[in-house]
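Please dock the two separately framed chains into a single complex, following the hints provided.
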Amino acid sequence: MKILVCINSVPDTTSKINFTDDNTKFDTSGVQFVINPHDEYSLTRAMWFKEKQGASLTVVGVGNQSIEPTLRKALAIGADNAIRVNTEATDGFSVAQQLAEVVKTGEYDVVIAGRESIDYNGGMVPGILATLLDYSFVNAVNGLEINDNKATITREIDGGKEILEADLPLVVGSQKGIVQENDLRIPNMRGIMMARKKPLTVVEPIVAEAATLSQSFEKPEANAACKIVETVDELIDLLHNEAKVI
Amino acid sequence: MSVLVFAESSEGKFKKVALEVTSYGKKLADQLQTNLVVVTAFVDDISPLSKYGAEKILNGKSDGLKTSDASIWADFIVAAAKQEEATAVIIDSSANGAFVGPLVAAKLQAGFASNVVALPNSTSPFVVKRKAFSNKAFNNTEIKTNVKVLGIAKNSFGLFENPTQGTSVDFSPSLNAGKIKRTAIEQATGTVTIADADIIVSAGRGLKSGDNWGMIEELAEVLGAATACSKPVSDLGWRPHSEHVGQTGKQAASNLYFAIGISGAIQHLAGVNSSKVKVVINTDAEAPFFKSAEYGIIGDAFEIVPKLVDKLKVFKAENG
Ligand SMILES: Cc1cc2nc3c(=O)[nH]c(=O)nc-3n(C[C@H](O)[C@H](O)[C@H](O)COP(=O)(O)OP(=O)(O)OC[C@H]3O[C@@H](n4cnc5c(N)ncnc54)[C@H](O)[C@@H]3O)c2cc1C
Ligand SMILES: Nc1ncnc2c1ncn2[C@@H]1O[C@H](COP(=O)(O)O)[C@@H](O)[C@H]1O
Numbered sequence: 001m002k003i004l005v006c007i008n009s010v011p012d013t014t015s016k017i018n019f020t021d022d023n024t025k026f027d028t029s030g031v032q033f034v035i036n037p038h039d040e041y042s043l044t045r046a047m048w049f050k051e052k053q054g055a056s057l058t059v060v061g062v063g064n065q066s067i068e069p070t071l072r073k074a075l076a077i078g079a080d081n082a083i084r085v086n087t088e089a090t091d092g093f094s095v096a097q098q099l100a101e102v103v104k105t106g107e108y109d110v111v112i113a114g115r116e117s118i119d120y121n122g123g124m125v126p127g128i129l130a131t132l133l134d135y136s137f138v139n140a141v142n143g144l145e146i147n148d149n150k151a152t153i154t155r156e157i158d159g160g161k162e163i164l165e166a167d168l169p170l171v172v173g174s175q176k177g178i179v180q181e182n183d184l185r186i187p188n189m190r191g192i193m194m195a196r197k198k199p200l201t202v203v204e205p206i207v208a209e210a211a212t213l214s215q216s217f218e219k220p221e222a223n224a225a226c227k228i229v230e231t232v233d234e235l236i237d238l239l240h241n242e243a244k245v246i
Numbered sequence: 001m002s003v004l005v006f007a008e009s010s011e012g013k014f015k016k017v018a019l020e021v022t023s024y025g026k027k028l029a030d031q032l033q034t035n036l037v038v039v040t041a042f043v044d045d046i047s048p049l050s051k052y053g054a055e056k057i058l059n060g061k062s063d064g065l066k067t068s069d070a071s072i073w074a075d076f077i078v079a080a081a082k083q084e085e086a087t088a089v090i091i092d093s094s095a096n097g098a099f100v101g102p103l104v105a106a107k108l109q110a111g112f113a114s115n116v117v118a119l120p121n122s123t124s125p126f127v128v129k130r131k132a133f134s135n136k137a138f139n140n141t142e143i144k145t146n147v148k149v150l151g152i153a154k155n156s157f158g159l160f161e162n163p164t165q166g167t168s169v170d171f172s173p174s175l176n177a178g179k180i181k182r183t184a185i186e187q188a189t190g191t192v193t194i195a196d197a198d199i200i201v202s203a204g205r206g207l208k209s210g211d212n213w214g215m216i217e218e219l220a221e222v223l224g225a226a227t228a229c230s231k232p233v234s235d236l237g238w239r240p241h242s243e244h245v246g247q248t249g250k251q252a253a254s255n256l257y258f259a260i261g262i263s264g265a266i267q268h269l270a271g272v273n274s275s276k277v278k279v280v281i282n283t284d285a286e287a288p289f290f291k292s293a294e295y296g297i298i299g300d301a302f303e304i305v306p307k308l309v310d311k312l313k314v315f316k317a318e319n320g
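Taken in order, these protein sequences are the chains called C and F.
With my numbering applied, the first sequence closes on residue 246, and no number is skipped along the way.
With my numbering applied, the second sequence closes on residue 320, and no number is skipped along the way.
Pulled out of the complex, with its shape left as it was, chain F reads as follows (with noise of 0.2 Å):
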């Protein structure tokens, strides 16, 4: 018996998730008095999990993973399972585990829980809490079958130190080819992206035109934030599509949310609400962000972003 966690990698190093859904693992096989397995794949250096607990990693570096077939990724992971014997398969809720993880439960044909934001409430019978309604609620989800599969929402768990003497084992288990190609990518590099952010710099239509960016975007380089908008803001072409974060968009899990003239729609603060501090610069005093916040400046953006920009630098500067 084991459980088993995904780290998802990026170049060869460990994605800031892959840690996260590591420290849930170790949680949950100590929980279920188990063993901790991680399979990952194309890593260099594995002492970045072990610090949270990974004792024996299966490394993958069969050329059958570089493809863009999620499926043949979910049977990788299947193979793991089925060799680790695992009562439980951990992944997290980037793009890419959202892709994989229900193929994996199927595969299994185990149940899958998605957006978990705990350990187990109990493991006999197995609940997990998720988040349910565009993070208006939480569902209390019971897994019936033997093997679990659950998807970790992004910065929800937190991390967890567990140092430990970790082994990785070449893992390549046959795999089929794809049957889905890859012809072309665009990835900004260099920028900070909603779902990796710790810092996440979102503005509205308040903003009057996509002309007024500018400050956003300075203010997001001083902090080493993400760029984000509200969804009228990408309709209207004044930022790309990718930014928009709501109920309809990106999901923003970050440690601090700036809502700069954005109202504050319960389709956008449905995408904001996991996030853990938000700031919200609004003229309007009414305005339903506030309600959600914790931090607030009534106050035209145009006056206050400028200075906020200036007054950083200077915090920046003395506080490295």
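Only chain C is shown next, with the shape it has when bound in the complex (with noise of 0.2 Å):
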């Protein structure tokens, strides 16, 4: 089994969000990049099927050099190799392309994506992957088994869950739960010195058009200041006179 990992390269959760270039341009400055959570929660559960069912486990990140300490990261965690493919993220639409290109040519069976990225929680990449691939697709998967070309999948949907039996070849966008959170892997020495040493191919893009442009940015308003109330008979006064919420 030929299994895909995709690999975001986000702001580090804690970051501060600012812009520059009159709102139009993140502003990378000081801010620490990682792997998207839920990615990271993929790459978990794929090392589950290197170590325990023979699995090969490639990771793979559009994106120009800066995203390499990012796949570096990945490979320390326990990927096998690691693909970078040489062009600036501009939209879903085209790095779905660019990645549909790198699955086909490495013949993978199963590709994990997230169910969206935290930078622009656009949650489009892998649908519109699977869509250019004719590959099977479920999303907001918190749950993932395959055996003998047949995955069977949790799914979280409102209020519960539901499980689902799909054939290979197939895409996912899977989130928190596909592993539990102790499973997560902190990179070793000896995983980071590995690293070092593990292909890290950089493969240069395929013709894919944007779809979608980002024009600027805009940051909400502040919020008003709090009120502090002494008494819950103040606060329900409130959110019934003022408020109107209950």
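Don't read these hints as lab results, they were simulated from the structure.
It is possible that part of the hints are untrue.
Claimed, not checked - The following residues of chain F were derived to be distant from chain C, with all beta-carbon distances above 10 Å:
| no. | residue |
| --- | --- |
| 1 | S9 |
| 2 | K27 |
| 3 | S50 |
| 4 | D63 |
| 5 | S68 |
| 6 | Q83 |
| 7 | L119 |
| 8 | G166 |
| 9 | L175 |
| 10 | A177 |
| 11 | K179 |
| 12 | D211 |
| 13 | W213 |
| 14 | A270 |
| 15 | S292 |
Unchecked claim - Within a straight-line C-alpha distance of at most 25 Å, the following computed PhoX-like cross-link-like pairs (lysine-lysine) qualify:
| no. | chain 1 | residue 1 | chain 2 | residue 2 |
| --- | --- | --- | --- | --- |
| 16 | C | K219 | F | K144 |
| 17 | F | K66 | C | K150 |
| 18 | F | K313 | C | K244 |
| 19 | F | K291 | C | K227 |
| 20 | C | K244 | F | K316 |
| 21 | F | K291 | C | K219 |
| 22 | F | K276 | C | K227 |
| 23 | F | K179 | C | K2 |
| 24 | C | K244 | F | K179 |
| 25 | C | K161 | F | K179 |
| 26 | C | K227 | F | K311 |
| 27 | F | K179 | C | K150 |
| 28 | F | K276 | C | K16 |
| 29 | C | K244 | F | K15 |
| 30 | C | K104 | F | K179 |
| 31 | F | K181 | C | K161 |
| 32 | F | K16 | F | K66 |
| 33 | F | K107 | C | K104 |
| 34 | C | K2 | F | K181 |
| 35 | C | K227 | F | K316 |
| 36 | F | K51 | C | K244 |
| 37 | C | K244 | F | K144 |
| 38 | F | K66 | F | K82 |
| 39 | C | K244 | F | K16 |
| 40 | C | K161 | F | K13 |
Glycine included, C-beta positions come from ideal geometry on N, C-alpha and C.
Written out as structure tokens, the structure is:
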């Protein structure tokens, strides 16, 4: 079984979000980039298939050279090799087209991407990728088992979950829950040393046009100061008469 | 030309998000000077939608739709979009909406913007405002393709009544068999889900143990609210994963959000910023959550919550 995990490099969750160039560009100064949290869960689940079922495990990122440390981290966690598609990731459509090319070339049977990236929160790439490849697709996956080319998938739905079955090849949009929190792996020294020797292949992009274009950013308006109340009666009164929410 | 809205239903009735996307679709159709068409499936009574401006409703009935394969649902929506020559397709951001939206966009080779919070700033070029960076900012996104697919963020646009005479048309395009089979489903009945809730009662590690959730459930019950929690609480197994709110969990877009014994870490706030009114109950006056809240009580949850439950019961009895 050949597994491909899509890795997006995103600002660390505690980053201050600021913009430059007249609010048209994200200000990366002082920002630490990390593996998108949902992708880290995916990678951890994929490690299980590698260790327990002998799957091969490749990670892929679409981006310029700045994403290489993030891909190296994925190698240090345990991926066998990494691919970087050498182009700026502009929109979900074009990223999915680049990824589809990688999947076709490498003939992967299982592609695990995250439900969404925490930067642009598009939630687009996995679904578009699956459509371009004509692979089966399930989103919001928090459980994945694969045996004899058949996947058993747990999908979160509003107020519960459903269990689905699909034949490979398959793309999933995964999320927290696909592994337990304490299964997440912090790369150790040996992993980091080994990662330096593992292959990180840079491939040139195909021609793919973006369907959307980021024009500018805005910050939400600051919150009016919080009203601190002393009693429960006061609170109920304000929620009823002022905020009108109860 | 038309604006096409996909209105989700559950057990033959429209979900609240369906009314929201229809409200949006109607206003967008007016802005584009075209008409609104709604596509839905297995709905008995269409009148709730005509109240929000839906004149023509394509009502799908094919057995082919009884599948968990979103790609078949996408084919169904795409067939409607083609028949109606839609220039914009509007989809909600529920679990199903987020599943099917990108597939519709890919099949129509149309640009897609998710988490849209407002009508287009301009229609030529077509620019919409959407949430980004886990609610810490907005992005103005231009969609360059002729056909546009928009995913509307929950509870951000609002409901706008626009009563009209609606007609329902049977719509049964031929559909392929799905590749994905459902073998089981577990869905809580009778409880309010975070996705649908107008009020959410959420609690954090300040509650010390999963055994202390009785008062939280009671508070949720008097308010008709959904229960939720912070990430450590679900990691510790005090509550199920499905209740975890935040950057890596659910998005809470309710009218009212109670945060009880939750410090207000940036990753948690990323999931609640879309809620309109936030109330914090915390012993620590310096807890960061107070900065993002509208109302707060500084104090011990174990004293305050039971009092709140009692007083709310009285309030509910008086105010219905
Ligand atoms: C990559 C990443 C992703 C994350 N994603 C999420 C996410 O999606 N959602 C999320 O919630 N977190 C997330 N976190 C974790 C987040 O950083 C915080 O650790 C977490 O939100 C803290 O949870 P808490 O507020 O319940 O606990 P704590 O920070 O321990 O806060 C407990 C609070 O309870 C108060 N308290 C104590 N006793 C009482 C009492 N008797 N009455 C009232 N108040 C009391 C304390 O003053 C304190 O403010 C993420 C972290 C990382 C690194
Ligand atoms: N530039 C990228 N390179 C590789 N994978 C990506 C990239 N952008 C998005 N993805 C994958 O697609 C998922 C959803 O991303 P998005 O559609 O941007 O919200 C992420 O969790 C990744 O798995």
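Structure-based check of all given hints:
no., hint, verdict
1, S9, "holds (13 Å)"
2, K27, "holds (21 Å)"
3, S50, "holds (25 Å)"
4, D63, "holds (19 Å)"
5, S68, "violated (6 Å)"
6, Q83, "holds (20 Å)"
7, L119, "holds (15 Å)"
8, G166, "holds (26 Å)"
9, L175, "holds (16 Å)"
10, A177, "holds (12 Å)"
11, K179, "violated (5 Å)"
12, D211, "holds (21 Å)"
13, W213, "holds (18 Å)"
14, A270, "violated (8 Å)"
15, S292, "violated (6 Å)"
16, K219/C - K144/F, "holds (24 Å)"
17, K66/F - K150/C, "holds (21 Å)"
18, K313/F - K244/C, "holds (17 Å)"
19, K291/F - K227/C, "holds (10 Å)"
20, K244/C - K316/F, "holds (14 Å)"
21, K291/F - K219/C, "holds (16 Å)"
22, K276/F - K227/C, "holds (15 Å)"
23, K179/F - K2/C, "holds (21 Å)"
24, K244/C - K179/F, "violated (47 Å)"
25, K161/C - K179/F, "holds (19 Å)"
26, K227/C - K311/F, "holds (20 Å)"
27, K179/F - K150/C, "holds (12 Å)"
28, K276/F - K16/C, "holds (23 Å)"
29, K244/C - K15/F, "holds (23 Å)"
30, K104/C - K179/F, "holds (20 Å)"
31, K181/F - K161/C, "holds (14 Å)"
32, K16/F - K66/F, "holds (21 Å)"
33, K107/F - K104/C, "holds (19 Å)"
34, K2/C - K181/F, "holds (23 Å)"
35, K227/C - K316/F, "holds (23 Å)"
36, K51/F - K244/C, "holds (24 Å)"
37, K244/C - K144/F, "violated (41 Å)"
38, K66/F - K82/F, "holds (22 Å)"
39, K244/C - K16/F, "holds (19 Å)"
40, K161/C - K13/F, "holds (21 Å)"
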